[in-house]
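Student: Take a look at the letters that make up each chain.
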Amino acid sequence: MKVTYIHHYPYRHLPEDFASRYEESVVTNPYFELVDPKLVHEDLRSALDEAMYAARAGFDAVALTEHGQSSYDMNPNPDLGAAALAYATELEGIETGIYTVGRSLGKSREPLRVAEEQAWLDCLSGGRLISGFPVGLAYDANVNAGVPPIETRARYDENFELILRAWTERDPFPFNGRFSQYPSVNIWPRPMQSPHPPVSVTGTGNPNTTRFSLQRDLGFNLVVLGVAAPNTAQRIFDDMWRMADELEVDDNPYRAAYAQSVVVAETDAEAERLYAKHVEYSMSRGVGHIPMHRFALPGGISPQGLRALLGQAMSAPTAQTAPTYRELVESGAVIAGSPATVRERLADQAHSFRIGQLLANLQIGSMPTELTRYNIDLFSTEVLPHLRGIWSEYDRDNRWWPERLGGRPVSTKQADLTGARLK
Amino acid sequence: MTTTSPNQAPAGEQVVATWNNRIRLRFEIRGSGPALVYLHPAGGLFWDEFLTRLTQHYTVYAPVFPGISPDDTFAIHQLDDIFDVVLAYEQALRSLGLENVPVVGQSFGGMLAAELSACFPKLFSKVALLDPAGLWNQEHPWSLEFISGPPERLPALLFKDPTAEGPRAMFPPPSGPEEALDQAVTGIWTLGCMAKFLWPIPDRGLAKRLHRIIAPTLIMWGEDDQLIPAAYAQEFGRLIPHSRVELVPDCGHIPQVEATDHTYTTVTDFLADGYATSPAPRAQSERV
Numbered sequence: 261m262k263v264t265y266i267h268h269y270p271y272r273h274l275p276e277d278f279a280s281r282y283e284e285s286v287v288t289n290p291y292f293e294l295v296d297p298k299l300v301h302e303d304l305r306s307a308l309d310e311a312m313y314a315a316r317a318g319f320d321a322v323a324l325t326e327h328g329q330s331s332y333d334m335n336p337n338p339d340l341g342a343a344a345l346a347y348a349t350e351l352e353g354i355e356t357g358i359y360t361v362g363r364s365l366g367k368s369r370e371p372l373r374v375a376e377e378q379a380w381l382d383c384l385s386g387g388r389l390i391s392g393f394p395v396g397l398a399y400d401a402n403v404n405a406g407v408p409p410i411e412t413r414a415r416y417d418e419n420f421e422l423i424l425r426a427w428t429e430r431d432p433f434p435f436n437g438r439f440s441q442y443p444s445v446n447i448w449p450r451p452m453q454s455p456h457p458p459v460s461v462t463g464t465g466n467p468n469t470t471r472f473s474l475q476r477d478l479g480f481n482l483v484v485l486g487v488a489a490p491n492t493a494q495r496i497f498d499d500m501w502r503m504a505d506e507l508e509v510d511d512n513p514y515r516a517a518y519a520q521s522v523v524v525a526e527t528d529a530e531a532e533r534l535y536a537k538h539v540e541y542s543m544s545r546g547v548g549h550i551p552m553h554r555f556a557l558p559g560g561i562s563p564q565g566l567r568a569l570l571g572q573a574m575s576a577p578t579a580q581t582a583p584t585y586r587e588l589v590e591s592g593a594v595i596a597g598s599p600a601t602v603r604e605r606l607a608d609q610a611h612s613f614r615i616g617q618l619l620a621n622l623q624i625g626s627m628p629t630e631l632t633r634y635n636i637d638l639f640s641t642e643v644l645p646h647l648r649g650i651w652s653e654y655d656r657d658n659r660w661w662p663e664r665l666g667g668r669p670v671s672t673k674q675a676d677l678t679g680a681r682l683k
Numbered sequence: 039m040t041t042t043s044p045n046q047a048p049a050g051e052q053v054v055a056t057w058n059n060r061i062r063l064r065f066e067i068r069g070s071g072p073a074l075v076y077l078h079p080a081g082g083l084f085w086d087e088f089l090t091r092l093t094q095h096y097t098v099y100a101p102v103f104p105g106i107s108p109d110d111t112f113a114i115h116q117l118d119d120i121f122d123v124v125l126a127y128e129q130a131l132r133s134l135g136l137e138n139v140p141v142v143g144q145s146f147g148g149m150l151a152a153e154l155s156a157c158f159p160k161l162f163s164k165v166a167l168l169d170p171a172g173l174w175n176q177e178h179p180w181s182l183e184f185i186s187g188p189p190e191r192l193p194a195l196l197f198k199d200p201t202a203e204g205p206r207a208m209f210p211p212p213s214g215p216e217e218a219l220d221q222a223v224t225g226i227w228t229l230g231c232m233a234k235f236l237w238p239i240p241d242r243g244l245a246k247r248l249h250r251i252i253a254p255t256l257i258m259w260g261e262d263d264q265l266i267p268a269a270y271a272q273e274f275g276r277l278i279p280h281s282r283v284e285l286v287p288d289c290g291h292i293p294q295v296e297a298t299d300h301t302y303t304t305v306t307d308f309l310a311d312g313y314a315t316s317p318a319p320r321a322q323s324e325r326v
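So the protein sequences, as listed, match chains A and B. Residue numbers for the first sequence follow the working numbering, so the first one is 261 and each next one is one higher. Residue numbers for the second sequence follow the working numbering, so the first one is 39 and each next one is one higher.
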């Protein structure tokens, strides 16, 4: 199993009454009213420090997300942090992957720049880049970046094709897209990995995204939020493996990754004492404090998809208050406790979801950097070694990991221009 | 392609192939008398009291925007921008013989009526714009919150008094869960289709084109419009040569619903000819 350290870049000092004073942690939350610039500096510095700390502790990769105009993740472009981490890990000779889980292509208005930045990162890191191309959350793609919701997925498809062509075509080519046009595409540098870095897509449950990942042999990252996350994830992975069978795609677990918040302490009780308030911060002041209309905008989801989603929502209305630490731990939305508890839960999950990749989120909400390091320490020494051997029978065919780090070359399906589209 | 003389068109509906057969534009047709084109707002087509009263004197042709009919949702993907829409509509109207006829457009439909008149100045004999979209400037910013915001805020954005009878009739309670789901799916997708031509700032350069409108134009605006500020009424008036501005007191974004009598009377008087319009006094009108 490959275990990646992932975290947001949150502002960790929002006031306690944030939820009652402000509608949301994105788009409208007032910056100058809420922020001390010195603390922003400190938080960004801490986030990179913690990622380096995790890299030194032996994680297989360090990952970055992308969310614009948000206080729960001050990370408008993951390539920025990835550049710093690529260089620092080179300097220290750390053999870890640089995983930009979020470089949203439904959002990007400069797809050629994405191709260039990612190729540059791959060269700088010596072929350690893993490229994640999610669609982008509605508030980010449609509100922050101003893309009409009904065009998000079409833009994704076009940008995806351009980037894969820009990486792999030997000769300069003109690109006449609907959303961007370039008379001569010939980026310098091209990626170091051949044919190109492994590519993944992130889904939140839309079956079209899952199907696209299988048809194009892309890595598939699943992110789901809320108390019901484990049940939802189980259903989505079950559907994924059923779909793989229907499409006659192999069931190699390495194609699947799940983002999981994990907090470890000496005992279960100690975990609650140390982490509860920071997890609850994330729920009431962070990613948990985003209204539903920021995740789904008219036009972004087809009528058929709407019917399915709204049908579910109407039969199971969502809770109006933020869940507590205990509720999250009880449901498994947050895996928390002693090393033994956490090991067991993560191993069970790896098998029941059939995932070969874990995206372990170890910094949550307002967790200060010392506590984050403590969590990384315990996880990397007491948990990580016990997860490594899971799915080892598939290690020789991990096409979703850089060759330099033990992976196999990616499938030619990833860059196949005649291949399936996201739609 | 079916061609029918507008004066003989039966009540009901007619589907017109347009845009090189990529769009089948459905017209709902009601009433009797001379033809009138009605272009609906971003929420879709509702035969409210204003429209129903118009059908007593006119044959109202109301095209339903491509993509929002539940049986043809993919049609929206055939139209990339507002000029595709204008060309597809013009061709459809022409094929029905609907030329030199009056048009009434509400909000998004008002923007579309203005675009059509600016691009094809002889298409419409008279133009009535009710709180039209299409202009935007920094002094009076307005947003697409009616699409991007929480749905429960919608009534207050649309109406001065959302509790009045007319506004409440716009949001009828569903008869059961099935209908609630149908309403939600259709409502959300409709806004999504229309958003394509408004997003993210509802300005496609109409201000540059309004001077081309030669038809007499009536601009009506709810004084208390919370969605598109009434300041834009004067701006439309300033930019359209033969135009007149009528502000509607105690009224929000949809005068035809919130001030039905006033709107009906003003629009039908305007359409009934003899209605003097003159170039707006440019020197006196301030730029909004």
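In case anyone wonders, no lab produced these hints; they're calculated from the structure. Careful: at least some of the hints might be erroneous.
Pairwise CB distance ranges, derived in the manner of DEER restraints [what the hints assert, rightly or not]:
id : chain 1 : residue 1 : chain 2 : residue 2 : range
1  : B       : P189      : A       : F292      : 29 to 39 Å
2  : B       : F121      : A       : D511      : 43 to 53 Å
3  : B       : P212      : A       : R305      : 18 to 28 Å
Predicted model, so just to flag it, every value in this text is computed and none were measured. Idealized CB from N, CA, C, for every residue including glycine.
Student: Each hint: holds or not?
Tutor: Verification of the hints:
1. Evaluation of the 29 to 39 Å hint for P189(B) and F292(A) yields a pass: the beta carbon distance comes to about 30 Å.
2. Separated by about 49 Å at the C-beta atoms, F121(B) and D511(A) satisfy the suggested range of 43 to 53 Å.
3. Roughly 53 Å separates the CB atoms of P212(B) and R305(A), a value that falls outside the hinted 18 to 28 Å.
The structure shown violates just one earlier hint, number 3.
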